[in-house]
Amino acid sequence: MAKKGDMLYAWTNDSALAKKAECGGAVTELLKYALESKAVDAVLAVTRGFDLYDAVPVIVTNPKDLDNCAGSLHCGTLLLSKLVMEYAPQLAGKKVGMVVKGCDMMGLLELEKRKMVNLDNILMIGVNCGGSVSPVAARKMIREKFGVDPDKVTKEEIDKGQFIIEYEGGHKGIKMDDLEDEGYGRRSNCRRCKVKIPRQADLACGNWGVIGDKAGKATFVEVCSDKGAALLTKAIDAKKLSTEPANPKGIEIRAKTEKAMHKLGDKWRQRDFAALAPNLWGTIAEETGRCMKCYACIDNCPVCVTRPDKFEQPDLMVRAGFAPADPMFHLRRFAHISDSCINCGQCEENCPAEIPLALFSHAIRTEADKFFEPKLGKSSYTN
Amino acid sequence: MTVESKELKYVPTTCPYCGVGCALNLVVNNGKVVGVEPNKRSPVNEGKLCPKGMTCWEHVHSPDRLTKPKIKKNGKFVDATWDEAIDLIAKKFKEISDKHGPKALGFQSSCRTVNEDCYALQKFARCAFLTNNVDNCARICHGPSVAGLSLSFGSGAATNPFEDVLNSDLIVMWGSNAFEAHPLAGRRVIQAKKRGIPIIVVDPRYSATARLADDWIQFNPSTHIALANSMMYWIIKEGLENKAFIAERTKGFDDLKAMVEKYADAEEIHGVPLEKVKDLARKYARAKNAVIIYCLGITELTTGTDNVRSMGNLSLLTGNVGRPGVGVNPLRGQNNVQGACDMGAYPNVYSGYQAVAVPENRAKMEKLWFLKEGSLPDWYGSTLTEQINEAGNPVKAMYFMGLNPVVSYPDSNHVMRQLEKLDFCVMQDIFWNESCEYADVVLPGTCFAEKDGTFTSGERRINRVRKAVDGPGEAKYDWEIIAMIAKKLGIKGFDWKTAEDVWDDLRACTPSMFGCTYEKLGKPESVHWPCPAVDHPGTPILHVGKFSAADGKGTMFGLEYREPAEVADAEYPFTLMTGRVIFHYHTRTQTGRAKQLHYEVPESYIQVNTLDAKKLGIKEGEKIKVSSRRGEIETLARISDDVAPGVTYMSMHFHKGANTLTNTALDPLSKMPELKHCAIKIEKIEEAK
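Protein chains in written order, with my numbering: chain A, 1 to 383; chain B, 1001 to 1689.
Incorrect hints may have been included.
Cut-off 16 Å, straight-line C-alpha distance, at most; resulting in silico cross-link-like pairs (EDC-like, lysine to aspartate or glutamate) [as the list claims (entries may be wrong)]:
1. A:K19 / A:D67
2. B:K1193 / A:D159
3. B:K1006 / A:E86
4. B:K1595 / A:D151
5. B:K1523 / A:E86
6. A:K175 / A:D159
Using C-beta positions, here's what the derived DEER-type ranges look like [unchecked claim]:
7. A:F372 / B:T1610: 41 to 49 Å
8. B:K1073 / A:K115: 50 to 58 Å
9. B:P1602 / A:T306: 53 to 61 Å
10. A:G161 / B:K1288: 36 to 44 Å
11. A:T306 / B:K1032: 19 to 27 Å
12. B:T1610 / A:E312: 29 to 37 Å
13. A:E182 / B:K1276: 35 to 43 Å
14. B:Q1191 / A:T306: 46 to 54 Å
15. B:W1082 / A:T306: 17 to 25 Å
Read the hints as simulated data drawn from the structure, not as lab findings. Cβ coordinates follow ideal geometry from the N, Cα and C atoms, glycine included.
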C-alpha cells in the first residue's frame, strides 16, 4: 500500500509502452489506468504536432491514445492550467487527469485560490522540469551551436546540465550554462524557476535519482497526496505497474540535483533582478511603451482574471484606440497579478512587442514574498 | 498528429488579416471555433499575434454570416437556391458577353481569399469569356511595387524575408507604419533595435512606428522622389556610391546621376533640412548592410511606381540587394495580396507573372485550359478602378469576390453611382457589406477557418490554410462556386474536388511555383517562391548574383518629382493622408465583429494638428465636418502634434469616412489611384450649418 511520502521506482508492465515511453513509462501507465478505472473521465495530455519541436495539447478519453503522448518534449512550452476551463466547458464537474510541470501545477493552484477550478476533480501527475526551450529558438540553437540540421534530430533531452540531441548519424551534448551564456538555451523564466519537483501535485515523477540496474528503465515517483497514493496502490494491485523502494543513494542524488537546479535558479535571479534594479521605472516604461494591446499576456496568464464587461467600461487612464497602450494598461495588470505571478513565462514568450513581462512580474512577486503577507494566503509552493 | 480530440482540437492555420502570414492555432470544440492559441512552432511569428490575430476567430460563427444565395427581385433581395443563382449568373454573363463582347465584363478578385479562389476566378474569366478584364485589389495597394520593382529588379516582390532585418546594420522604414499595419514584421524591427541596429523612420507623421525610431525624418507628404533624389545627389557627391556593384550589376547610372544633379537641395519641396538629408544619405550609404522596408506611404500615389523605383535606385546605388541583411521590402498588405497577384488575377499577366502579350504564354494556357488555339486575348484588360469607371459603358456585368468597393475604393460616391449603371452584378462574400446592395446576386462564400488552401505572405512564403470547421448554412468554398458556374456554362477544366486539385492545376502552368507541393507547404517553414522543382528548397532571398531581369541587371532610373494630382489650395487648405490602425482590418466586416477591436476603435476619426485645431476652435473628440471635391463627411477630431500643421490623417476603415473624400487620379504606370493624398477643408459643424 503506497502512502504519502513514499519514494519509489516505478515502471509499466506493458512492454510495448516501456519501449515507447521514457524511463519506465510510469506516468503514461498511471494516466491510462486512471482512465481505464474511471478514476478520471478524461486526460489532458501533450502530444507531438508537426515534429518534436511542436507540442500540442489533447484531451484523451481512449486510454490507447495515451501511448502517443508518452515521452517528453523539452521544446514544448505549453501552459496547461487554463485550457480545460477555457475551451472544454463540458468537462466542468468531471474528473480530469493532467501531466503537470511545476508551472502547470502552480497555475492550477492559483486558479483554485480564485475558485475557478476544483482540484478535487483534477488528478495531477507532476513531472520534474529543468526548463524548456522555445521551439524556433531550439531549432536555431541546434543549427548554430550544434551544427546539426534540426530536421534530422530524432530525440532531445536535458540531462545532467546538458542539452543533448540524438540525430541521424550521432549524438551531441552541450552544457546548458555555456549555451545560456551565449544567449541560447532555456526560456529566461525557466532559468529563474525553482519549482523543479512539483510536490504539490498528487505524484511527483521524473528520472532524477534512478540509479543502479533500473537506470533508464524506471520512473522515480514521490507520493505527494492521498489521492496519488490511492491511484498508485490500485495501479499496482491491478498489475499495471511494478514498483520497488527507491535506492537511498538515488534519493540523495535526486535531492542534490534539485539543490543544484535551485542554485542555478538563484544565480539567474541574481543576474536578472540585479540588472533590472538600477533603472526599474525607466526600463518598465520603455519596454511596456511598445505594447500593442494584443492581450496575449492577459489571456495566457493563469492569474489574470478579467471582467466579462470590461469593454463596456468608460475609459479614463487607458484610452480606447491608442497604440502603444497607455502606461496604466500595464501598471494595473502588474497590480492585479501582484504577489501571484508563478513565473510561467507565457506572457513574455507570447508578447509580440518583446516586452520582458515575466521578468517584471516575477521580480515583483519575489520581492513581495520577502516582505508582505500574501493577499490570497500563503501558497503551498515557493517560487 | 496521431491523437486528436473533438473537445480540444488545434488546427494550425494562417491568420486572415495582414501580409506577414502569422501562424496560429484555431481551437475547435465539437465543430465550432472557440478560440485562438499560439502556434509557437512557426518561424514566422513564433506564437505571437497582434490584436487582430488574437481575435480573428470571433467573426467565424457570427449570426450575420451569409448562408444562402440571394437574388434581387423587384428591388428586394430574396433567398434563392444555388441552382437558381448559378443559372441566373451563367445566363446573364453569357448574354452580355455574346452581345457586347469580352470587354463588357469585369472580374475583381479579393486579396483576402486563398490562392485557390483567386486562381479559379481568373481562370474562369479567361476560359469562359476570353476576357482579360480581371484584377485584384493590389491595384489600390502594392500594384506600384509590382510594377516598380519589376522595372528596377526584374521581379515585383520583396527581396528578403522579414526576419532578415536582424542581419542588417541599418533599417530604413519609408512610408511604413509596420508597428500598426504589420505588427509581427514590426516585431523584427523591435528585435533589431534591441540588438543595437539603428532604425530610421521616414514618415510625415509621428506614427506608432516612428516612436521606435532612432531617427524620425518628418517630411512633406508625398515628396518621396525629391527626398530620395537629394539623398542620392549627396551619396554620389561624396563618392559613397558602390562603384563595383554599379559597374557589375546595374545599368542606368548616368541617367540617375544626371537627374539628381537638380536635387542638391530640395528642401523647398520635401521640407527636410539639408544637413539632415546629408546625414540620412551618409548613414544609408555607409552602412555595410542596409535594408529599406517600405509600404503604402509611397505606393498609393500618382507617382507610386516612380516612388518605388526611387527605393530601387537607392538600393542599387549603394549595392544593397542580393544578400542577407539588405534589400527592398514592400510590406504586402493583405494576407493574400501577394498570392492574388501570383495567381494571375491581373489584366496583363497569367499566374507567375507570365505576360498575356507573349504568344508562347497564351499558347501554353490554351493547351492546359482546353481552349481553342489562338483564342486567348493579348490585350491589357481593364484595372480595378478602370472597370468601375467603365461601368455602364463598356462594362455591363461585374463579378466581385470578397471585396467592398464602396468603402475601400477611392471616391465612394463615384463608386456607388457607377455600380448603379451595371446591368448585372454579382457579389460573393462572407458578410453582407455596404457594397452588396448594388448587386443583383449575392453569394455566400466561406471564410479562412472553413476551407483548405494557401495564402502567400509578403516574403513570398506560401503558408497553408487549414479547414477547421464547416461553413455556415449553404455557404460554399469560393473556388467551388466559380467551378459551378463554369460547369453550368459547359467550360472544361473545372472538375476540381479539393483545394489541392486547384493548387496542382496552378502548379502545372506556373514554372516558378511548380516545386511548391502541398506536402512541402505543409511544413511550418514552408517554401518561398520561386521554387521551380520539387527538390528545390525555395528562394528566400532574391537577386543573389544576378537580378531577375532578362539581362540579369538592376536598372536605375532618373526620376523627376511630380506633385500629387490634387494639392491643398485656398479652397481646400489641408492635406489628407490616409492609412490604417492596428485594431482594424480594412472595412471591418471581420474586425468590427470582434469585441475588443470594436471597443478600441468604434468609429472614424481624423488627426488634426494642435495649432490648426486651435485656429479652427476645435476640441478633442468634437464631431467636425470634413469635405473634399468629391464629398463630405462628419467625423471625430483627434488632436495632436503627430501630424504637422496643414496635414491631416484618417484611417480608411469606415463607410462615409476617408474614401468619401479621396481622389481617383491614377499613377499612369500602375493605374494606382491616389488614395494617400488629396485636399480637404475642415469646418465646425455649427459653422457648416
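Going down the list of hints, with the structure as the test:
Proximity of K19 of chain A to D67 of chain A is assessed by CA-CA distance (about 10 Å); at most 16 Å being required, the pair is judged to hold. For the hint linking K1193 of chain B to D159 of chain A, the alpha-carbon distance of about 35 Å lies beyond 16 Å, and the restraint is violated. The hinted pair formed by K1006 of chain B and E86 of chain A meets the criterion: a straight-line CA distance of about 15 Å does not exceed 16 Å. At roughly 40 Å between alpha-carbon atoms, K1595 of chain B and D151 of chain A are farther apart than 16 Å, so this suggested pair is violated.
Using a Cα cut-off of 16 Å, the hinted pair K1523 of chain B and E86 of chain A is violated, with the two alpha carbons roughly 29 Å apart. Distance hint between K175 of chain A and D159 of chain A is fulfilled; the C-alpha atoms sit about 9 Å from each other, no more than 16 Å. For F372 of chain A and T1610 of chain B, the Cβ-Cβ distance of about 44 Å falls inside the hinted range of 41 to 49 Å, so the restraint holds. Separation of K1073 of chain B from K115 of chain A is about 57 Å and conforms to the stated range, judged on CB atoms against 50 to 58 Å.
The beta-carbon spacing between P1602 of chain B and T306 of chain A, approximately 19 Å, falls outside the hinted interval of 53 to 61 Å. Taking 36 to 44 Å as the suggested C-beta distance range, the pair G161 of chain A and K1288 of chain B conforms, at roughly 38 Å. The hint said 19 to 27 Å for the Cβ distance between T306 of chain A and K1032 of chain B, and at roughly 22 Å that hint holds. With their beta carbons about 31 Å apart, T1610 of chain B and E312 of chain A fall inside the hinted range of 29 to 37 Å.
The hinted window of 35 to 43 Å between E182 of chain A and K1276 of chain B holds, with their beta carbons roughly 39 Å apart. Checked against the given bound of 46 to 54 Å, the beta carbons of Q1191 of chain B and T306 of chain A, roughly 29 Å apart, lie outside it. The given range of 17 to 25 Å is broken by W1082 of chain B and T306 of chain A, whose C-beta atoms sit roughly 43 Å from each other.
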